Structure formats: structure tokens, C-alpha cells
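Participant: Protein sequences, first through last, are from chains A and B.
When the letters of the first sequence are read in order and numbered with the numbering used here, they come out as residues 1 to 280.
When the letters of the second sequence are read in order and numbered with the numbering used here, they come out as residues 1 to 174.
Note that these hints are calculated values from the structure, not bench results.
Here's a subset of chain B near chain A, in silico, CB distances under 8 Å, partners left out:
| id | residue |
| --- | --- |
| 1 | L31 |
| 2 | G34 |
| 3 | N35 |
| 4 | Y36 |
| 5 | S37 |
| 6 | D76 |
| 7 | P122 |
| 8 | Y134 |
| 9 | W136 |
| 10 | A137 |
Listing some non-contacts, in silico: residues in chain B with all C-beta distances to chain A over 12 Å:
| id | residue |
| --- | --- |
| 11 | G61 |
| 12 | V104 |
| 13 | R163 |
In this text the structure is predicted, and so the values were computed from the model without any measurement.
Backbone N, C-alpha and C define an ideal beta-carbon position, used for all residues, glycine too.
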Amino acid sequence: MLIDFRFKALDPIRSNVNWLLRPLEYVMMMPRNMYEAASEYFTSRGTLDKENQEMKVRQAELSLLANQSEFLLIENQNLRQLIDLQNQVPFKTLSVEILFNPPNPISQRIVINRGSADGLKQGSPIANDSGILGQVVRLYNHSAEVSLLEDRDFAVPVQVARNGLRAAVFGAGRGNPLELRYLPVASDLEVGDVLITSGIDGVYPPGFAVAVISRIERNADKNSSNVFCVPIAPVNRYRQALALLYDPQWDANASTATNKPGSPIINAPGRRQTRARGMQ
Amino acid sequence: MIDFQSGYILRPVNPVFIYFSLLCALLLNLLPIGNYSWVPDWLIICIVFWNIHQHRFIGVGTAFFLGLLMDVHNSDLLGLHAFSYSLVAYLAISWHRRIIVLNVLTQAMHLLPIFLLVSLFPVITHWLLSGEIYWWALTGAIQAIIEAVLWPVATQILLSPQRRPIDVDHNRPL
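My request is simple: use the sequences and hints to build the entire structure.
Facilitator: Below is the structure:
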């Protein structure tokens, strides 16, 4: 146990046992899947009609929004190029299915049906249509374990959508509200503020909704405030989700002949460029 | 072997039935019920049962291997269940002479501490490793109580093949 905790040295054993165990898990998921399939099969025509209608309206709204956002995206890219900021990197999505959540009193995880063979990486964010769900923490060939937002000490760098204030939101264990930590009393926060991913970590793409502030306790004597939030995405509800394959291309450049401290900076596209300020 | 509940001599156990019941318990544990703390751990009931009744077939080694499987399934630290299962298997084997002569309900009372040990072992380990106790997970005690309640049922089911009469005479049922 200590070896696994400190050194993570037993991963080969784990993946082999997992290879043995996974077929059994699939077999045992069959009753539930059959039950769900049956209940879907017997949904009435009226329900389907209503759902279809709602879907059409929603799709119309979304396609309108998508056109608009494409325009804004191009405009934003152009503006960013004009002022030499780093370009936003597009990311790919991979639809994943949530298989089950393992019974574990300590942590709050789910197992999904995609793994390293599908291009998933350690640390890939998992989201659904409303916001971030969690992050891949353990990778197998054809499945992966995802730590959910509520998991203890699970941290996401966020910023407040209203004013751009950056912070980090932490999970506080199952059933407890998320916490915004390390914020002074005077910080400009209100109940109902939406927290979106800030993207400064290079793991989460920026602009995804994470949580909404639900309660603020300011204690002036300690110059700290306890801010509690609830996750936006329904963490334990749906079976489908999206994995975001995102590589911000921020890796430090290797020290080559053309890239040494002191040598002129090459303007590689997509890299952050520092502009000389002051006296030139 | 004597059935201490009824006083009759039991039929010899079929090893295939032992392994079949362990496999069934493992499969029940893999059911995607969700992350609820009250869901009983079928496997540990089965392991402890066979440790007490047939410790020549099922020992610490089997418990360790099955615990390893549960570790991977539960995405726990590797060895958490393996260690607690083998510890409990050892305890059950060393107590089996004392426990087996008791009434079934008294047996369940005696086994409650064993089940509590398994249920609370992850919390204790987490406490030792990271220094913070996770109060919410102490609801695992409910699981242990449910397992103890299920013990008479398990005894009834798992001993039933051995309780069959040897030669059935349909003409004279007594």
C-alpha cells in the first residue's frame, strides 16, 4: 500500500488485474443496461414527440449561437494576432460513456469507456454539455478513471466570469460544497457568480463553466473568506460525457542551437512571444 | 463435519461449490449499484464464511487475491482490500473453532467486529497516510451491520448443499 501511495510503482500489476476484471464488470453491467434499454423502448410516443420538439427548438438556438460564436472566434483570433497574444488552441472532443462509479468511501470517481488507445491522456478534462465534470487520473488501455469535481482536494483554476478574478476551486469531499480558497476578504465576489476555467494551468481549456458561488462567509479578523460553490454540471446524473483533448503547446522549448538564452527569439506561430518593453 | 445448529453430520463440501460461490459474490460486488456506503460487501461475507467452515480450502492467499481484484475495481490503493481481507481471513481462521459452535445469531454478533474492521480499514489507512480522518466515510459501519445481519442468510444458503439428506427414500419420508 505504501509503495503504491508513495511511488506509484505497481501500475503494471494494476493494469493486468484490470484487464482480467474488466470483462466481468461488463457482464455485471448487463442487467442495468438491459433495464435501461427496456425502459427506453417502452417510452410512449407522446414523450418522444415532446422531446423531439424541444430538441428542435434547442438545436435552432444552438446553431444560431454557433454561427455567432464562430464569427467572434475568428475576430478574436485576428485581434489576438494583432496584439501578439498567444493564439487560443482549438481542442478536440471525444465522446465517452460513464460505465459505473466504483464504491469507494474515500474518493469520488467514475470509470469511463475510453482509454489511452483512444487518445486519452493523463489529466484530460471530462465535461458534459453544461460544464466540467472532472479529470482523468488513471489510465488503462480501454478505460480510464476520472476524479470528479467533488473529490477531496481536487483543484481547478478558475476565474469569475463577471470580473475575471482568478482563483482556484477545491473539492471538499463527497456531498460537501466546493470551496474557493486563498482569497482575501475584500475580493469582489457575490453569491451567484459563475466560475469558469481560466486556462492558465494548460490542462483545462479556458471558458468552461465549473461552479456557481452559493454562500460567502467573510471573516475580517483572519482576512480570509470562506466561499462555497456548487458544481454546474450534474456530477452524478448522466451516462454520456465529453473528453477534451487539449494541448495548449506551452511546453518549454528544448535547448537547441536556435533556442538558447540570449539568442534571438524565433517567432514560432502559436508560441507566446514576449515583447520588449521600455528602453530599446 | 458436524452441523452445530442441528446436531447432524454434514455431507462433505464440494470445492467447486466453494469457488462458484466466491465467483458469484465477486460478481455481485461488481454490480454497478453506485457509490453508496451501505451496499454490503458480498465477497467478504463469503470469504469469512468459508474461512470459518472450510479453512483448508479457502485461506489467507485466496483472500489476498480476491482483495487485489477489489482494489482494482474500487480504484483504491493497491493492497488496501488485499491486506484487510487477508487480515480478516487470518482472524476468522484463528477464531473458527470458537465461532462455529455458537448459535447463528451469536455468530453474527461475533463477526460484527470483523466486518467493521474491513469496512473501516480504508478510512483508517487514509487517516494514517494523510493524517486527516474522513468522517463521512465512517458510515461504512452501516455496511458492516448489514453484513452481520446477512450472516444467518449466508449460512443458510452456503450450507444448504451440505445439509441435503444422503439417501432420500420417497416412500418413507421420515
